[in-house]
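Asker: The lines below spell out each chain.
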Amino acid sequence: MTQLLVIGLTLLWLIGSSWVSDAQAVADREKLLSDPGIYGTFAVFALDEEWGKQEPSVRIARLAALKGVVEQHREHVAIDLYLLRGLSDQADLLFRIHAVELRDTQEFLLDLSSSQFGKHLKTAGMMHGLTKKPNYAPGFPEQIKADLKTVSEPGEKPYAIVIPIQKSAEWWGLGQEKRAAMMQEHTEATLPYLKTVKRKLYHSSGLDDLDFITYFETSKLEDFHSLVLSLENVKEFQYTRQFGNPTLLGTVQSLDEIIETLAQ
Amino acid sequence: MTQLLVIGLTLLWLIGSSWVSDAQAVADREKLLSDPGIYGTFAVFALDEEWGKQEPSVRIARLAALKGVVEQHREHVAIDLYLLRGLSDQADLLFRIHAVELRDTQEFLLDLSSSQFGKHLKTAGMMHGLTKKPNYAPGFPEQIKADLKTVSEPGEKPYAIVIPIQKSAEWWGLGQEKRAAMMQEHTEATLPYLKTVKRKLYHSSGLDDLDFITYFETSKLEDFHSLVLSLENVKEFQYTRQFGNPTLLGTVQSLDEIIETLAQ
Amino acid sequence: MTQLLVIGLTLLWLIGSSWVSDAQAVADREKLLSDPGIYGTFAVFALDEEWGKQEPSVRIARLAALKGVVEQHREHVAIDLYLLRGLSDQADLLFRIHAVELRDTQEFLLDLSSSQFGKHLKTAGMMHGLTKKPNYAPGFPEQIKADLKTVSEPGEKPYAIVIPIQKSAEWWGLGQEKRAAMMQEHTEATLPYLKTVKRKLYHSSGLDDLDFITYFETSKLEDFHSLVLSLENVKEFQYTRQFGNPTLLGTVQSLDEIIETLAQ
Amino acid sequence: MTQLLVIGLTLLWLIGSSWVSDAQAVADREKLLSDPGIYGTFAVFALDEEWGKQEPSVRIARLAALKGVVEQHREHVAIDLYLLRGLSDQADLLFRIHAVELRDTQEFLLDLSSSQFGKHLKTAGMMHGLTKKPNYAPGFPEQIKADLKTVSEPGEKPYAIVIPIQKSAEWWGLGQEKRAAMMQEHTEATLPYLKTVKRKLYHSSGLDDLDFITYFETSKLEDFHSLVLSLENVKEFQYTRQFGNPTLLGTVQSLDEIIETLAQ
Amino acid sequence: MTQLLVIGLTLLWLIGSSWVSDAQAVADREKLLSDPGIYGTFAVFALDEEWGKQEPSVRIARLAALKGVVEQHREHVAIDLYLLRGLSDQADLLFRIHAVELRDTQEFLLDLSSSQFGKHLKTAGMMHGLTKKPNYAPGFPEQIKADLKTVSEPGEKPYAIVIPIQKSAEWWGLGQEKRAAMMQEHTEATLPYLKTVKRKLYHSSGLDDLDFITYFETSKLEDFHSLVLSLENVKEFQYTRQFGNPTLLGTVQSLDEIIETLAQ
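Read top to bottom, the protein sequences are chains A, B, C, D and E.
Residue 60 in this note's numbering sits at position 60 of the first sequence, with consecutive numbering throughout.
Residue 101 in this note's numbering sits at position 101 of the second sequence, with consecutive numbering throughout.
Residue 251 in this note's numbering sits at position 251 of the third sequence, with consecutive numbering throughout.
Residue 160 in this note's numbering sits at position 160 of the fourth sequence, with consecutive numbering throughout.
Residue 44 in this note's numbering sits at position 44 of the fifth sequence, with consecutive numbering throughout.
Everything labelled a hint here was simulated from the structure, so no lab data went into it.
Incorrect hints may have been included.
FRET-style restraints, in silico, Cβ to Cβ [to be verified]:
(1) C:Gln116 <-> E:Glu75: 29 to 39 Å
(2) A:Lys195 <-> B:Lys31: 20 to 30 Å
(3) B:Ala180 <-> E:Leu148: 26 to 36 Å
(4) A:Asp28 <-> E:Leu9: 34 to 44 Å
(5) E:Glu50 <-> A:Pro154: 41 to 51 Å
(6) A:Gly155 <-> B:Lys31: 50 to 60 Å
(7) D:Gln54 <-> E:Gly8: 53 to 63 Å
(8) C:Tyr136 <-> B:Gln54: 33 to 43 Å
(9) B:Thr150 <-> C:Gly139: 48 to 58 Å
(10) B:Lys31 <-> A:Gln238: 47 to 57 Å
(11) C:Ser168 <-> A:Glu55: 54 to 64 Å
(12) A:Lys235 <-> E:Glu75: 51 to 61 Å
Residues from chain A shown here face chain E by an in silico Cβ test under 10 Å; the list is partial [as the list claims (entries may be wrong)]:
(13) Val44
(14) Glu101
(15) Glu107
(16) Leu110
(17) Gly118
(18) Ala124
(19) Gly125
(20) Gly139
(21) Gln143
(22) Ala146
(23) Asp147
(24) Thr150
(25) Thr187
(26) Thr190
(27) Leu201
(28) Ser204
To list a few chain C residues with every Cβ distance to chain D over 12 Å, as calculated [unchecked claim]:
(29) Leu5
(30) Asp209
(31) Leu221
(32) Ser226
(33) Leu227
(34) Gly250
Source: prediction; values computed, not measured.
Where is the CB? At the ideal position from N, CA and C, for every residue including glycine.
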């Protein structure tokens with residue numbers, strides 16, 4: 001009982017404490033999350049079979065190592081965490097990392113993997129993409145451009161979905177003009193969902209075996225489902241070779257929430 | 001011998017006991033199983049190699065943990081259990097979970113996986129779908145609409161089959177009218193089996209790598225086989241990219257029956 | 001030396017002994033193997049890495065458990081055994097089980113997996129099919145119908161081959177008449193091999209991810225190879241999406257022969 | 001030091017010794033390697049993780065078991081060995097076995113797997129094919145027939161390559177005449193390489209999930225590469241569904257060379 | 001503390017020391033990296049789960065074994081190392097090996113795998129290709145030939161990308177002339193990136209399940225991404241069956257840098 005109390009207090013202290021000044025980190029984070037020319041990495045991990053067999057005190061010590069590594073690298077890279085366990089197959093955690101250089105991301109992941117916590121992680125997937133200025137939007141009618149400025153409703157968006165996409169070779173052979181026309185239809189289909197489904201696009205060609213990584217946040221999964229149905233109905237969808245496979249569905253979590261969940 | 005007796009009595013007590021009031025749970029369960037806008041999750045698990053090597057008394061203690069987690073969450077989510085072992089490859093158990101929010105399902109599965117029983121579970125698959133009002137039925141001829149009201153024969157339906165489905169991009173490109181015509185033919189093919197094969201449909205697009213999850217219950221597997229053959233013969237089947245893969249075949253079991261089987 | 005003698009004698013006794021009356025079992029077995037409306041299950045297993053490391057006496061004790069489970073269920077289900085080890089990849093044993101209800105098959109496989117022997121088995125595949133009266137044969141010319149009555153030559157047929165088959169969606173869309181014409185050509189191609197290659201067909205649609213399971217026995221593998229070549233040359237083969245994958249090749253073995261081989 | 005000396009001497013003795021008379025075996029071997037109607041099996045194995053952790057003396061004892069099993073079966077089957085480790089993914093050893101009956105091959109592989117050495121082997125692949133008289137060559141022009149009699153240059157051919165092949169359903173539907181014309185073009189493309197690349201063909205349809213196994217030996221890998229390029233350029237290649245996957249590349253080794261390499 | 005100091009000093013000494021004369025090795029290395037008729041092997045490895053659990057002193061001893069094997073073979077083969085961990089899924093290290101004979105590469109990899117370090121390596125992939133004089137360039141217009149002589153900018157190129165490629169059967173059936181025209185368009189698309197993206201091509205047909213291995217080095221990943229996008233837009237891309245799968249992305253590292261990273 002006393003031991004459990006000590007563990008509980010340690011966990012509370014662990015969740016509360018923070019090793020770096022947050023002000024600077026937050027400023028950089030905003031730029032990393034909104035600028036073009038930033039590399040986004042989706043690192044998917046499964047916890048090994050040993051994790052569940054550890055004593056609570058051991059688990060908390062290892063989660064402190066996770067916290068340490070994340071805090072230490074937050075000065076250079078923006079790190080978001082998602083809990084996949086209970087919603088996706090065979091993966092438990094997703095790290096989304098934004099960095100100016102992929103080497104910075106690699107350094108974070110190397111430190112993570114050599115940490116006491118990292119020894120329990122098995123890499124289940126790794127995707128990289130680049131943020132870029134919109135390709136086709138500049139040529140869209142003014143009304144669509146205006147509609148695209150719709151800001152998503154404030155409030156928490158607890159669900160995150162990642163859908164990797166590869167276009168067919170035929171798509172790339174269509175030429176810019178035909179692709180732009182289809183992308184306009186695609187964009188129109190998304191307009192009704194701008195308020196409740198937040199989106200972000202990463203360009204992947206050459207960085208991994210994808211063309212795009214699409215990232216979504218929502219509090220209304222049914223709206224997200226309707227959005228995907230709408231996208232399946234437009235002509236551009238015929239030129240999609242891979243859509244998902246895997247689709248990653250998880251919940252957005254703070255580092256402290258993840259620690260609390262995994263400590264159990 | 002005395003030890004076996006103790007274990008047997010513990011098992012009997014375990015199967016008999018129940019920690020929550022059933023009345024409220026049952027009421028919610030009816031709504032969760034019949035309303036549109038409900039999320040259905042199919043969580044497929046394999047028992048690890050350690051399970052078979054545990055002492056009976058240890059196994060029963062862990063099955064008590066399973067019972068505890070299921071009973072605790074039954075207030076918020078509807079949980080059905082199926083035994084796949086002996087009928088499907090490499091998976092042993094299927095949980096079908098209905099919830100108003102997928103977060104509630106995630107919480108149940110997180111508690112399950114961190115329980116003493118969950119440490120023996122390896123996730124073999126995870127599928128999510130949404131229940132919706134019929135898409136095409138409102139436009140069908142009156143006779144079909146009337147036929148569709150056929151209630152399945154009472155009595156136990158021991159077999160359950162889950163078939164995940166992904167339509168081709170071509171299907172989505174056909175337009176609503178052509179799809180409705182084909183779905184009418186599809187529906188007509190199912191009418192002769194309404195009495196002996198119970199069906200339920202979940203819409204998945206965007207929630208995982210499927211478009212639909214089809215769920216069946218029957219006591220006459222031969223009728224179910226004939227139903228599938230009929231569906232393979234209609235035009236709509238040409239637009240199916242994935243049908244099964246995996247097809248999950250199991251037997252419907254109560255929590256107590258599962259516990260009894262796994263205790264052996 | 002004395003220990004080896006004891007083990008040898010135990011093995012001899014194990015192979016000789018039998019716990020159930022054989023007469024009734026054999027009678028049922030004939031019906032299960034020839035009637036339509038019977039479910040055939042092909043359960044494929046690999047032995048785990050621990051098996052080879054067990055002491056001979058331990059192995060024999062576990063093989064006694066195998067014998068016990070098989071004998072106990074032979075009253076309800078017909079069980080055939082095949083040795084795949086040394087001829088197929090990554091699987092060692094094949095059980096072919098015929099039953100009136102798949103629940104009976106599940107019960108046998110559950111008892112097998114919870115037995116001391118079953119703890120060493122990893123499921124590598126599971127296929128189910130239904131025996132049915134011939135679909136197309138009633139419309140064939142009289143000569144073919146007569147030829148089809150050819151009985152296969154007596155004598156042992158040591159090799160067994162299982163080829164799972166899935167037809168293309170196009171096949172099902174052809175309509176019954178066109179399919180019947182092609183099946184006649186298919187059947188004619190098989191006539192020269194009726195004497196040396198024994199065949200049995202199972203219908204799978206909906207029970208797993210197949211349409212058919214084809215089962216063959218022969219003492220002349222070269223004839224079987226020529227038969228498959230002939231079938232590849234007929235038009236119906238163009239409508240086959242999956243042929244094999246896996247093809248299972250093994251030798252027909254009695255329970256005692258299997259026990260003797262695995263005891264080594 | 002003394003222990004190492006003992007191990008070294010044991011290894012030398014092991015490599016030198018031979019338990020069966022070679023004369024008869026060699027005679028049979030010639031027939032098995034040149035006659036039609038012979039079954040060729042390609043059994044691919046990976047060494048388990050335990051192998052590298054064994055003491056040298058233990059490894060040598062187990063390699064003696066390998067030698068024993070191979071020598072014992074060489075009277076009935078022709079056994080060739082290849083070292084894949086360092087050239088192919090995830091497989092270390094390839095056994096090519098020629099036998100009059102696949103049962104003899106199975107018996108060898110059963111004895112191998114139950115030997116002290118076999119406990120370290122994991123089956124990574126198993127392919128079977130039948131040697132047959134040439135299908136199309138009898139109808140070729142006399143010049144090609146004459147050219148085909150070119151004997152490959154004497155001298156060691158250290159590299160061996162195995163390429164499994166499956167033809168498309170379309171190929172089999174072409175009819176014998178069209179296939180023969182294309183095979184003539186295919187054969188002409190191979191003529192420049194007859195001197196430096198030795199070839200052998202096995203027919204697989206029905207025995208596994210292939211139509212052919214093609215086996216090559218060469219001392220000039222660049223010539224072999226050019227030969228494959230030439231074959232990719234002929235029309236018949238358009239009708240190939242599987243070419244490789246896996247392509248196995250290794251070095252031809254005597255049993256003693258394999259033992260010496262694996263003893264380290 | 002003292003122990004850590006000793007380990008640190010050992011690591012420093014390990015990184016500094018070198019067992020062979022570098023001058024000769026470097027000379028051969030230049031030829032191996034620029035001549036046609038050289039075999040390039042890409043050997044991809046994952047570290048096993050034991051690696052992370054070793055004491056630092058044990059790890060350093062095993063990394064000394066790695067250094068020893070690499071230094072010993074550098075006289076015969078050119079060895080480049082890349083760190084994939086943190087950027088690619090499920091693989092940690094990539095060795096690129098150039099040799100006059102693949103047997104020399106095999107000997108290096110055999111020594112590596114039987115070393116104390118190699119016991120921790122699991123082979124995740126193995127690709128072989130041959131360097132050849134340009135196929136199509138001799139027929140290109142003079143301007144392109146001149147442009148192709150552009151030397152890449154000096155300075156470190158920290159990122160390396162390996163993309164395996166398989167062309168469709170249709171590509172090989174086009175004939176040399178049509179292929180040359182398309183390859184000219186392909187080449188033109190690459191010209192703007194010659195300064196910032198270094199490229200090297202390996203011909204694989206027959207040596208593994210690929211036609212080409214393309215290797216890239218760059219300090220500007222965004223330029224590399226744009227290059228791949230340009231290549232996806234030319235007609236030749238329509239004849240590509242496999243592009244990546246896997247795409248390997250890593251950082252170029254010296255042996256000492258790898259040792260330093262893995263020692264942590």
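Asker: Give a verdict on every hint.
Answerer: Cross-check of the supplied hints:
1. C:Gln116 <-> E:Glu75: 29 to 39 Å: Taking Cβ atoms as reference, C:Gln116 and E:Glu75 lie about 57 Å apart, which means the hint is violated.
2. A:Lys195 <-> B:Lys31: 20 to 30 Å: Holds, since A:Lys195 and B:Lys31 (Cβ atoms, about 28 Å apart) stay within the stated range.
3. B:Ala180 <-> E:Leu148: 26 to 36 Å: 57 Å, violated
4. A:Asp28 <-> E:Leu9: 34 to 44 Å: 37 Å, holds
5. E:Glu50 <-> A:Pro154: 41 to 51 Å: 49 Å Cβ-Cβ, so the 41 to 51 Å window holds.
6. A:Gly155 <-> B:Lys31: 50 to 60 Å: 27 Å, violated
7. D:Gln54 <-> E:Gly8: 53 to 63 Å: 33 Å, violated
8. C:Tyr136 <-> B:Gln54: 33 to 43 Å: Taking Cβ atoms as reference, C:Tyr136 and B:Gln54 lie about 52 Å apart, which means the hint is violated.
9. B:Thr150 <-> C:Gly139: 48 to 58 Å: 33 Å, violated
10. B:Lys31 <-> A:Gln238: 47 to 57 Å: 39 Å, violated
11. C:Ser168 <-> A:Glu55: 54 to 64 Å: 55 Å, holds
12. A:Lys235 <-> E:Glu75: 51 to 61 Å: Between A:Lys235 and E:Glu75, where Cβ atoms are some 60 Å apart, the hint holds.
13. Val44: OK, holds: A:Val44 within 10 Å of chain E, min 8 Å.
14. Glu101: Holds, about 8 Å.
15. Glu107: 7 Å, holds
16. Leu110: 5 Å, holds
17. Gly118: 7 Å, holds
18. Ala124: 8 Å, holds
19. Gly125: 6 Å, holds
20. Gly139: Given a least distance of 18 Å, the restraint on A:Gly139 is violated.
21. Gln143: 29 Å, violated
22. Ala146: 29 Å, violated
23. Asp147: 28 Å, violated
24. Thr150: Cβ of A:Thr150 sits 29 Å from chain E, so the hint is violated.
25. Thr187: 20 Å, violated
26. Thr190: Hint on A:Thr190: violated, closest Cβ of chain E at ~23 Å, above 10 Å.
27. Leu201: 14 Å, violated
28. Ser204: 8 Å, holds
29. Leu5: 20 Å, holds
30. Asp209: It holds; C:Asp209 is separated from chain D by about 16 Å at its closest Cβ, greater than 12 Å.
31. Leu221: 6 Å, violated
32. Ser226: 9 Å, violated
33. Leu227: 7 Å, violated
34. Gly250: Its Cβ does come within 12 Å of chain D, the nearest being 8 Å, so this is violated.
The earlier numbered hints that this structure contradicts are 1, 3, 6, 7, 8, 9, 10, 20, 21, 22, 23, 24, 25, 26, 27, 31, 32, 33, 34.
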